Amino acid sequence: MTRSTIASFRAVSKHYGSHCALRDFNLELREGELLTLLGPSGCGKTTVLRLLAGLEIPDSGEIFLDGRTLAGVPPEARNVNTVFQSYALFPHLSVAENVAFGLRMKKLGSAEIRARTAEALRMVRLDGLGGHRPLQLSGGQQQRVALARALVNRPRVLLLDECLSALDYQLRREMQLELKGLQRQTGITFVFVTHDREEALSMSDRIAVMRTGRIEQLGPPRDIYERPANLFVAQFAGESNVLEATVTAITAPDSLIVELAGTPLTVRTDRRFRVGARLVLVLRPEDLHVHDDAAAEGGLAGHVLERTYRGVTLDTVIALDAGPRIKTSEFFREDTPALDHPPGQRVRVSWTPGWEIVLPHEPET
Amino acid sequence: MKNTARFEPGKGIAAAIPPGRLYGVLIYAFLYLPMAVLILGSFNASKYGIGWQGFTLDWYESLANDAEILTAARNSLAVAALSASLATVVGTLGAVGLHRYRFRGRKFLMGLLFVTLMSPDIVMAVSLLVLFIGLHLELGLFTLWLAHTGFCLPFVTLTVHARLQGFDNALVEAARDLGAGEWTAIRRVVLPLALPAIAAGWLMSFTLSLDDAVVSFFVTGPDFEVLPLRIYSMVRLGVKPEVNALASLLFAVSLSFVVLAQWLLHKDRH
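Each protein sequence line maps, in turn, to chains X and P.
The first sequence begins at 1 in the working numbering and counts up one residue at a time.
The second sequence begins at 1001 in the working numbering and counts up one residue at a time.
Among these hints, one or two may not hold up.
What follows is a set of in silico ranges between Cβ atoms, one per label pair, in the way DEER data are often shown [what the hints assert, rightly or not]:
no.: 1; chain 1: P; residue 1: HIS1266; chain 2: X; residue 2: PHE331; range: 22 to 30 Å
no.: 2; chain 1: X; residue 1: GLY181; chain 2: P; residue 2: ASP1168; range: 47 to 55 Å
no.: 3; chain 1: P; residue 1: TYR1032; chain 2: X; residue 2: ALA118; range: 20 to 28 Å
no.: 4; chain 1: P; residue 1: GLY1105; chain 2: X; residue 2: ARG222; range: 53 to 61 Å
no.: 5; chain 1: P; residue 1: LEU1093; chain 2: X; residue 2: ARG222; range: 54 to 62 Å
no.: 6; chain 1: P; residue 1: GLY1105; chain 2: X; residue 2: ARG133; range: 50 to 58 Å
no.: 7; chain 1: P; residue 1: LYS1267; chain 2: X; residue 2: ALA118; range: 27 to 35 Å
no.: 8; chain 1: P; residue 1: GLU1182; chain 2: X; residue 2: ASN230; range: 41 to 49 Å
no.: 9; chain 1: X; residue 1: ARG10; chain 2: P; residue 2: ASP1168; range: 28 to 36 Å
no.: 10; chain 1: X; residue 1: ASP168; chain 2: P; residue 2: HIS1266; range: 29 to 37 Å
no.: 11; chain 1: X; residue 1: VAL73; chain 2: P; residue 2: LYS1267; range: 38 to 46 Å
Going by beta-carbon spacing under 10 Å, a handful of chain P positions derived as facing chain X [claimed, not checked]:
no.: 12; residue: LEU1164
no.: 13; residue: ASP1168
no.: 14; residue: ALA1180
no.: 15; residue: GLY1181
no.: 16; residue: PRO1192
Since the hints were made in silico from the structure, they are not lab data.
Quick caveat: nothing in here was measured; it's all calculated off a predicted structure.
We put the beta carbon where it would ideally sit given N, CA and C, even for glycine.
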């Protein structure tokens, strides 16, 4: 399904003093999508939100909303709303007055304000708490007030700035589902900023992985995780074992033989490499299987260093004979032969052919 | 019976009290005893304050019948109210400006506030007198108002500014984001939140103005007398019990205003 563009950034740059927050930044937001800006702190993701909200002015470039430029449009005149990281609830107003704030500013009739406020509070399951002060509520409830206060205005785009990061793990998982539900229910475009990859992968229609003011890759979560554009994205999107190898032969357009510290391996990739080129293999821990050395052929040989029982998975750290250490994460299944490899045991590590991620070697930065 | 030790013959009270505590007691006695004596004296029937000769409200009554004192009191309250109000308006605007906007010389302006706060009254008094004479202003209510507003201003600005510093900056951004213009955001969010500090600033200014003698002495004219100056001229002829009563009243008003101001500033901090 192709959706029309609702907002776009064209060659936008923003500096704070000498620090460059965004450089030549381009992004198209699509109608009704949940787009996540994922990246480490300081990568410029919050700046993107603040620029769209009008809380910052770009140094150069232009931002459009519904085809109209936002240059010179103050924040109060933009049909976007923000859920702030700190929630920024007005402590001197009740929950209902907080939610009604935006509607009051639009000078709507009091009957409509009351109805829409009640509806918004119901939507975030806070009906009955309208008379409380924000500080009387729990963190999760405050988060919902902030959400209701923004959504009640029916913005074209809702901007969410790391707004789940203050919640504990359990509550965060609940709110992730709830946010996703609200987004589907309202059809409003959400732009969500986070540094939590799990959050990004589980909630988003598309993810933009950012580093130092630029988008490294933009795509659906599955692409980001399974077909990362580079090593940074691969490592930021999930747990990664990174192994360096050298191309020794090209057997088919999408198949190479590489040598990993003496061990020849066949790998598949769409990328083009020349014989002798260096590359990196990225292996996700959950894609790897551990076998007894005696019972298996192929794969990579090594010995077990450490095992960690984690309930859902059994994690093993293995020192490969080739040198590097890798981490595996195996699920318990009925047909799994022997998950239990004591430290020191010789094992072989294998994976389904083609599940390895092959990336060009990047010089250390 | 641990108290008996204190009154053992041959040992003074001082010997029974730990030295650290004695030191504290002496300090507080030095600070508060004169005031206690003054307040007690205002209720003492003895005309010369020698020995307690019974409770009386006579001195307060004679204050209430003294036309000159009543005029001076009215003048003082008027100057205090006017100065506190003007200082609060200007000081609050200044605090909002210093807090909201980043501009060249902002730190310098903040520093100047402290200079005004710390500069000796006598310096301010003389310089204001020179200024008013240079401007050919008639010394009286108007010059007092300007002068008192001047020395109250930094108190208001610094109090309100400190309060604003305690807020989440995102609050104003949230208001803007929700459709409030710059001024509406200040009126609907910043001012209500700063209100306790603004009220405290007004109360502090009021007491500062009410108590001021030095600046007032220089910048008022012969036709406009304020209470501290009235007291000053009364004590030149010896401390009469009426002076005790008047000073006690001033003390009571100042104390209650200061307590109220502190309560306003701290009531919603846990």
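Tell me, which hint numbers fail for this structure? Hints 1, 2, 3, 6 and 12 not satisfied by this model.
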